[in-house]
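In the order they appear, the protein sequences are chains A and B. Just so you know, we're using my numbering here: the first sequence kicks off at -6 and counts up by one. Just so you know, we're using my numbering here: the second sequence kicks off at -6 and counts up by one.
Treat the hints with care, since some could be wrong.
Which copy is meant is left open, because identical chains are indistinguishable; a pair holds if it fits in one copy or across any two.
Stated by the list, open to error - Straight line, CA to CA, 20 Å or less: simulated SDA-like cross-link-like pairs of lysine to any residue:
1) Lys216 to Thr166
2) Lys161 to Gly7
3) Lys161 to Leu204
Calculated directly from the structure, the hints in this document are not laboratory data.
There are 2 protein chains.
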Amino acid sequence: MKNLIIASTSTLHGETYLEYLLPHLALHFKNCKTILFIPYARPGGISHEEYTHIVHLAFAKINIKVKGIHEFEDPKDAIENAEGIFTGGGNTFVLVYQLYRNNIMKNLAETLEKGTPYLGTSAGSNICGQTMQTTNDMPIIYPPSFETLGLLPFNLNPHYLDSDLDSKHMGETREARILEFHQFNSTPILGLREGSWLDIKGEQITLKGGLSARLFIQNQTPKELQSESDLNFLVRL
Amino acid sequence: MKNLIIASTSTLHGETYLEYLLPHLALHFKNCKTILFIPYARPGGISHEEYTHIVHLAFAKINIKVKGIHEFEDPKDAIENAEGIFTGGGNTFVLVYQLYRNNIMKNLAETLEKGTPYLGTSAGSNICGQTMQTTNDMPIIYPPSFETLGLLPFNLNPHYLDSDLDSKHMGETREARILEFHQFNSTPILGLREGSWLDIKGEQITLKGGLSARLFIQNQTPKELQSESDLNFLVRL
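Hey, can you work out the whole structure from these sequences and the hints?
Below, the structure is given as structure tokens:
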């Protein structure tokens, strides 16, 4: 059964990388000596090696080793044999492009369905939805498809940002963009604020962290879900 | 020779649609009784008819008639025979998808190269660059390609937004996203603030409006270009 932590962000303002999640990750990955890291989203274009080193430093604090998927001959084998898997944030287009290029999108979905514990942050969370179509990222590379892992019965908008009512900027607000998505698509969207995450155990989906999340269902007024809310009802939509 | 106005936004805060541009549009389209409007970007998902009506109301103030491309049997004929053309803003993915679906991307580029006067705002400006890869929009639909009209020797980022140094939000700033683009692509990017536009006459490209624009060239520090700057030097890069 699925065993996932899907977080809006890796890092909170003024904190170190993964700091707020580490106590939860120590439990989540308690049976793992080593986790497999997927660095493909390359935030700011950093190399796979640099990115994996940042993750290594964070996981060392909870005595878990980290190995980057780029260090393996066969990325499929790496995924299937991993004790736990973490996909970090960065650019979702770059991440999805690379997952398809290495032909491991399906493989990763199947492995996570079987129960390998997983952490996603930001772009690594986006890919857990049905599609990557509510990413905030720039389309800096053309992926062969926008379809992603489909582990959730909805899509995510990580780093969800409330509208600034005092702004004089005329670009679309985050909410306007998501409502626009629903003019063309019916998949529900969960706007996950920084500090929130989803805890998924099998079909049980629970909102964690101190904040509410904003749920967008096509043709309905957006609503706020409180922390500890159960999102299983979205399976039946 | 090309004759284009390429604007960051259709509308300034507190103004009506196209208000700040109308005096310039009266000159730009002075030989046009009717212009062809391309409403494909559908801001907020509005219909082609609704969008064309908004544009009709604005152009009526300068005594120019507006006809939507959806009103024509053959969109290629509509483009080739237009006295002037305007592509409005909205979602760039939806716009590019529809231009390809109707098989008119190449046709539109060729017509504008020959000198039909053109106005683009926001998404309608984005498509004038080499690719749409520095749009701010959500990928709510999957276009067959990110390549666009290629009328400019660079890409645009409309609605360019300076970083808020006080923000505690951890999502990428606009500048960070553009620098990330340059980790994977070499095309120069011009960040065009709301109120700025480019005036293109043949190969002459001039920055207009009261504001500076931010130019990003791969492996160089971003620089501010003042209003009335000449951007022709980008052709030689």
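How the hints compare with the structure:
no. : hint             : in the structure
1   : Lys216 to Thr166 : within (16 Å within a copy, 27 Å between copies)
2   : Lys161 to Gly7   : between (28 Å within a copy, 8 Å between copies)
3   : Lys161 to Leu204 : between (27 Å within a copy, 15 Å between copies)
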